[in-house]
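Chemist: Okay, here's what each chain looks like letter by letter:
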Amino acid sequence: MEGNIAWVLISTALVLFMTPGLAFFYGGMVRSKNFLAMLMQNFFAIGLLAVVWTVVGYSLAFGSAGDGGWIGNLDFLGMKDVGLGDGTVLPPILFATFQMTFAIITPALITGATADRLKFAGYAVLIGVWSILVYSPVAHWAFAGGWVAEMGALDFAGGLVVHINAGAAAIAVLLVIGARKGHGKEPMPPHALPWTLMGTGILWFGWFGFNAGSALAADGIAAQALFNTLVAPAAAMLGWLIVEKVKGKHVTTLGAASGAVAGMVAITPCAGFVGSMAAVIIGFAAGIICYLALFIKEAAKLDDALDVIAVHLVGGIFGSVALGLFADASINGIVEHEGLFLGGGADLLIDQIVASVAVFAFSLIVTYVIAKAIDATMGLRVDEETEQVGLDQVLHAETAYNNL
Amino acid sequence: MEGNIAWVLISTALVLFMTPGLAFFYGGMVRSKNFLAMLMQNFFAIGLLAVVWTVVGYSLAFGSAGDGGWIGNLDFLGMKDVGLGDGTVLPPILFATFQMTFAIITPALITGATADRLKFAGYAVLIGVWSILVYSPVAHWAFAGGWVAEMGALDFAGGLVVHINAGAAAIAVLLVIGARKGHGKEPMPPHALPWTLMGTGILWFGWFGFNAGSALAADGIAAQALFNTLVAPAAAMLGWLIVEKVKGKHVTTLGAASGAVAGMVAITPCAGFVGSMAAVIIGFAAGIICYLALFIKEAAKLDDALDVIAVHLVGGIFGSVALGLFADASINGIVEHEGLFLGGGADLLIDQIVASVAVFAFSLIVTYVIAKAIDATMGLRVDEETEQVGLDQVLHAETAYNNL
Amino acid sequence: MEGNIAWVLISTALVLFMTPGLAFFYGGMVRSKNFLAMLMQNFFAIGLLAVVWTVVGYSLAFGSAGDGGWIGNLDFLGMKDVGLGDGTVLPPILFATFQMTFAIITPALITGATADRLKFAGYAVLIGVWSILVYSPVAHWAFAGGWVAEMGALDFAGGLVVHINAGAAAIAVLLVIGARKGHGKEPMPPHALPWTLMGTGILWFGWFGFNAGSALAADGIAAQALFNTLVAPAAAMLGWLIVEKVKGKHVTTLGAASGAVAGMVAITPCAGFVGSMAAVIIGFAAGIICYLALFIKEAAKLDDALDVIAVHLVGGIFGSVALGLFADASINGIVEHEGLFLGGGADLLIDQIVASVAVFAFSLIVTYVIAKAIDATMGLRVDEETEQVGLDQVLHAETAYNNL
Amino acid sequence: MKIITAVIKPFRLDEVKEALKGAGVAGITVTEVQGFGRQAGHTEVYRGTEYQVDFVPKVRLELIVDEADVDRLVEVITNAARTGKIGDGKIWVTEAERLIRIRTGEQGHDAI
Amino acid sequence: MKIITAVIKPFRLDEVKEALKGAGVAGITVTEVQGFGRQAGHTEVYRGTEYQVDFVPKVRLELIVDEADVDRLVEVITNAARTGKIGDGKIWVTEAERLIRIRTGEQGHDAI
Amino acid sequence: MKIITAVIKPFRLDEVKEALKGAGVAGITVTEVQGFGRQAGHTEVYRGTEYQVDFVPKVRLELIVDEADVDRLVEVITNAARTGKIGDGKIWVTEAERLIRIRTGEQGHDAI
Ligand SMILES: Nc1ncnc2c1ncn2[C@@H]1O[C@H](COP(=O)(O)OP(=O)(O)O)[C@@H](O)[C@H]1O
Ligand SMILES: Nc1ncnc2c1ncn2[C@@H]1O[C@H](COP(=O)(O)OP(=O)(O)O)[C@@H](O)[C@H]1O
Ligand SMILES: Nc1ncnc2c1ncn2[C@@H]1O[C@H](COP(=O)(O)OP(=O)(O)O)[C@@H](O)[C@H]1O
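In the order they appear, the protein sequences are chains A, B, C, D, E and F.
Here this note's numbering is used: the first residue of the first sequence is 1, the next is one more, and so on.
Here this note's numbering is used: the first residue of the second sequence is 1001, the next is one more, and so on.
Here this note's numbering is used: the first residue of the third sequence is 2001, the next is one more, and so on.
Here this note's numbering is used: the first residue of the fourth sequence is 3001, the next is one more, and so on.
Here this note's numbering is used: the first residue of the fifth sequence is 4001, the next is one more, and so on.
Here this note's numbering is used: the first residue of the sixth sequence is 5001, the next is one more, and so on.
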């Protein structure tokens, strides 16, 4: 058990490290006048959501686990009775902390879509409420033996709970706040891609904890998940770069980074359920598919600034559905129905699709209501002048770079 | 045992990673002409102190452990007889390495107070001597069963040994070197806060090893310490930002970072001794208290450039004392007298106060003597022109950013 | 076993994190117009080589392990039969993943020598082919019980396989592509050393996984390797800075970083085979020797832009040979012949020298042929105008920093 | 020949550049600058301390043009740069005695 | 109207700005520049190799002022920027033929 | 006195500086700028979208010199900066009415 505890301890630290990584992944892509605001949104997500999760979120998600239901209960409010364990099980407080790091990064993913225009106070309320009304229920469905799990759908590390969930929420918020000023007219190039690449490195590193840590043990399944989390993003990078090269003339560093992240997203639901070559295929396909999904935002007239839809929503859906094709009982005994391509029929595939649609719809609708309510009351978007001058100066009274 | 070894191995790596994190946490806040010098001081601390610790420091700190005394002995000079263990205990060489990372970062903390004006050679001698004359004794007192531990005071991961110790030393050095040229007259805004936020992310990540690693086992106590190290800084971030908002009009990214670090500091002595909601309370209070402690440096007319007093000294004292209120035997059986708020009476509280005062006074006095001696002989502060031109160019013949 | 698995899981993540670290270590030193290209080369190495290793590289390296031969077989193509283990052994898929991270970073090391002038497509082919024709064989020789191991030479974590191998390859590629335009005439100062220092911090952190992870167990040997990986680079930093101070007037941050990396390189082959004070001595000597080796590139008229020869080749040779002096059976029972200084005679020393020469020669020759072939067909070096304008813009249609 | 120098708000640069292109301008040299003027600076906060930042980021454009084009181009810049809010910036005109194109050695009007 | 251009040491910028404010100046445009001059550059070290950096960071100020104010302001800048050490910089004065305030279209003296 | 302003390609700066040193020039002020001109900008790619970057990095040099030296120095700069390819840049000359050395208060020719 000590070895398992050691692995989940470090995995928790790794996943927490992803949120700063995400901050910089996104932050390098925004204009420099909004860099600190992006960092702030992400770091603040740690501050607020750790407390929300401790007080109520964990209980709502993991109370009455295994009930096949829609939401947890209030048994664990304030981490009551979430103890240290007796040495023979994973300490419950450790499991709660590991899950906390997922609850933190999921709403933070939204900030990529809404870059450069969110009011800070509105954002704070948004993610706090969202965490309770959207994240905890969906986590209950899929991670805590709720109806999704009972139905038979699988989600190793958060294809449904994290990526589709956040991706759908991003669309909802975009529908409420609209596009950046100047969107489509002026180019808004990344102000400093090196930060984005640094963020990518940190994300990849942390994702080993995210996926392989979700085995909750230091065993062969964790090992396979680790392998898959290295190889699928690698293959996705190749996939993305190949399309990029075919469609334009250049392979870009942002493409390499984006492809890798797309692969991380897609392999998330599959990590501990699929074999080695399946991971290569899923990754490679994800790189291509997420690249092609970039056009969606234009078609849908959504100013998804940093492509949360293409990378997280589409990547999450693709990964969740791909699990219905590649799930492999020889990798993980939990797999009852193997994937279609392994001769397990369409059972799992259908469950995966149903679950994806359900999470997408639930998150989209509830998030829309929350965002609309905030926008109508305290406001969710800054005024035009703030947007011109930059969020850093107006909201946070700071400037990212000071030379004089 | 393997699981425990695995956890302490990675924890050691995590704590070592904190020193580069600290370098950037501080480095983002100084002016760009002194950025490299700040990085240099911190990286050099690794270089010098790892060797000092190996040769003599570890022995002075952990020799004759459990003697209730003031200093160790010379049994382990050059890591003599510090072996690999027999597989049933934590390898002694691993324990020595874990402790080494603490011995490295503690004097490095001082560099925040003295930013922009330390002579490199003087600094090198200062931390080398300090490590032997101040750090090793204090570590012996509290970590190696010296008089502080025997008295009954507790220090899970370094509230006394690391933070009060470094904070008091910072005051002493400030008394010797005085303020930066222009202090109080010209604004000296952080040259690039993104580096500071990156440093914060690394510090938080590494702090999981610092605190939860101090359990020296992969067990429930480590798990609770990990939880506390996530939640207390989160709550502290909220506390700091709330005061900031109440007193000014803005919440700042530097405030979010500073609040989080204040929470990390305060929870350090408590991490494996207090329960979940206690951690939330300690963290939240630390955020408020450390913010309010910012005024001390003005009152005391000390140019504590990057607020080592407010964050490390005050945070460390607050955490150490708070342990006397919240220590919880149900979390950790080592706790003999529970905290005042848990009905354990004032015993522990008094021990904690005595220990805090003792460490503060010892470090302040001895450091003052060392710093004064260095200043009188080789000089501890650069000349005025060097300060104007910048330390990077004059001391290190380098420039942080080269565009032409 | 769980504890061992936990340690190798996290070690694998740590080593993978080194490649982004290397990207920034190098990236800070190039001119800003080539910063992204450097990042791209390194991140792309992950993308391509993870797939190559999965499909064929692992099998060629570790197939028919222990045969005392020159190359593996095709048994594990596509990770066939590389399973999850039965819980009593390290999962084979985990071992394969750990080794993958070494296969990724080794060719990436070359990019430091060839900075500012490699054609991306040529580079991609180069490292892909190199991985198969050079890396896999050499890994087989030393890591998989091939002829080098059978002869009796030791390589704990890659002095031969990683550093001498990459260093020799760097010379070969330099012989093919020649010097940067303006080399020797205009100064080409590092555009932003803070990135280099950040990279150094990440490298050091990751190197704990590299070296201590190579114990493949969470045991005393791993602990000693961890200690050595902290202390040897620290001592090397001191060694480098002392020579720097003696020869010039300044100690530089780049010197601190370079010295530390030199120490990491030199201790790599020795990490789990030598004692504590031996590590201090090896490190200290490596700092001095690698500094002095900087002159080689001038003597050899090779424009080794970021000193891969001095740091990796010379550091790797020195460490490999030093093992013949300091190998200590009391640290690791695998050591049959102790080092010369421990009274074990010259047996091991000779083996180490033979192995170093063999790896050097093999890598130099085969790499030269590969590079020459690529250069003659698709081209390995950009044209002059691209070099002037910068690789970022021309090859990747991106700019690292955008202010307007 | 005349030199038109304009200091404008950074987020109008694109508009001004396009307008000048439209007006047939063949070359501009642009510098990032910091301006101090009637437009108040702003307050920044550093760990509980407020301080005033007097300088506001601006962009400085420099164009060498034929005397005959000056009025028209000043007009073009003014229109494209104007937001009507304080801090829109200034334009000033100076005399250029000679102009040389480095590549060809062409001088004066031909070098523009 | 005249343009005063001054190249000064960066760490005197604050002082010079305050002095100019005190002297009633309503606007300044500031650029970070690199200067080469009598003040020797410095040596930097790159892995054992020394190289000479000729350029020294400086700050360039530009003020459009009424002719009548030139002497006074040159004096103000000189006093505030002077350290007495080599490299204090230069001030030069040129003629501005026109000045326009973009926001209002005001011209000449009114636009200052 | 005259002011020579030159906008050149960044990678020629070293050569130009050395040539000017060789020609006895005692001071130069250098600014990083972005140029728009005949030299086409380039295309950048952002996640599948191409956009045109019109501005090209350039370096701007400013030298105050005696009238008598102008022709010679323009020649020196031209030769050192020329690559013969489009985008080599421009040199222009303006009149400086006064020049002051801050350190000493020297004026005119003595202040150069
Ligand atoms: N007299 C001046 N000389 C040089 N630059 C000036 C002058 N006055 C203003 N500027 C520049 O123009 C910018 C805008 O001026 P400001 O007074 O703020 O508002 P407005 O443009 O509405 O007059 C300033 O930030 C500064 O860069
Ligand atoms: N002739 C010149 N033309 C343009 N700028 C000059 C000239 N001479 C000096 N400068 C600028 O003034 C700065 C200071 O000049 P320098 O000769 O170093 O010392 P001093 O100011 O004491 O004369 C230089 O760094 C440069 O930016
Ligand atoms: N009329 C102009 N006014 C100001 N700067 C100009 C002008 N024309 C060109 N420049 C500057 O000179 C640079 C080079 O000019 P360009 O037209 O590209 O090529 P060439 O130097 O061969 O004429 C431009 O990038 C710009 O900075």
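No lab work stands behind these hints, which were simulated from the structure alone.
Mixed in with the good hints there might be a few duds.
[To be verified] Short derived list, chain F residues pointing at chain E, Cβ under 7 Å:
#, residue
1, Val-5030
2, Ala-5096
3, Leu-5099
No residue lacks a Cβ here, since even glycine has one placed at the ideal position from N, Cα and C.
Chemist: It remains to establish, for every hint, whether it holds in the given structure.
Modeler: Status of each hint after checking the structure:
| no. | hint | verdict |
| --- | --- | --- |
| 1 | Val-5030 | holds (5 Å) |
| 2 | Ala-5096 | holds (5 Å) |
| 3 | Leu-5099 | holds (5 Å) |
The structure meets every hint from the earlier list without exception.
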